[in-house]
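*Asks:* Count along the sequence shown from 1, then add 6; that gives the number in our numbering.
A few of these clues could be false.
Cβ pair distances, simulated, as ranges [stated by the list, open to error]:
id, residue 1, residue 2, range
1, 102, 53, 34 to 40 Å
2, 115, 81, 38 to 44 Å
3, 24, 87, 24 to 30 Å
4, 74, 25, 16 to 22 Å
None of these hints come from the bench; they were simulated from the model.
Cβ coordinates follow ideal geometry from the N, Cα and C atoms, glycine included.
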Amino acid sequence: TRLCLAYGAMSVAAFLGGFITANVGSGSDIMLYAYGLLVWNMIVPEEMRFSEMTLTASSIVVMGLLSLATSMCRAFTVQITNNVLFCWGATAWLVCWGAPLGSLLLTPAMRAQLRIAFYILAILQFI
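Model the full assembly from the supplied sequences, consistent with the hints where possible.
*Replies:* If you want it as structure tokens, here you go:
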């Protein structure tokens, strides 16, 4: 019965994530992570639980696939403007370099330093 409850809650979370994504443009990746961490891991037996690293990787894959699907839909329905291409060009390097670098640096030993760097960057963005 706990497994049925977990799958029922998964259906609700998937619907909510899709609804949020349809209205805002993003959200299903966050819903996947939040559901996995706060619902699935609390309901199912320990041997069926997912680690935070697995949930993070899964949400990144969902984010990438939704970005690809949205871009394809946009390209086939209306023309993509030059400004959008310029934005993609301006941010592509960050994704290509930042994601692998982040996976190398995000270790438990670096947690305190990364937290400090995050807080500093969060404040600097408003200056």
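*Asks:* If a hint holds in the structure, say so; if it doesn't, say that too.
*Replies:* Hint check:
For residue 102 and residue 53, the hinted distance range of 34 to 40 Å is satisfied, since their beta carbons lie about 37 Å from each other. Taking 38 to 44 Å as the suggested C-beta distance range, the pair residue 115 and residue 81 conforms, at roughly 43 Å. Against the hinted window of 24 to 30 Å, the Cβ-Cβ separation of residue 24 and residue 87 comes to about 27 Å, which satisfies the hint. A C-beta distance of roughly 20 Å is found between residue 74 and residue 25, which places it inside the suggested range of 16 to 22 Å.
In this structure, every one of the numbered hints holds.
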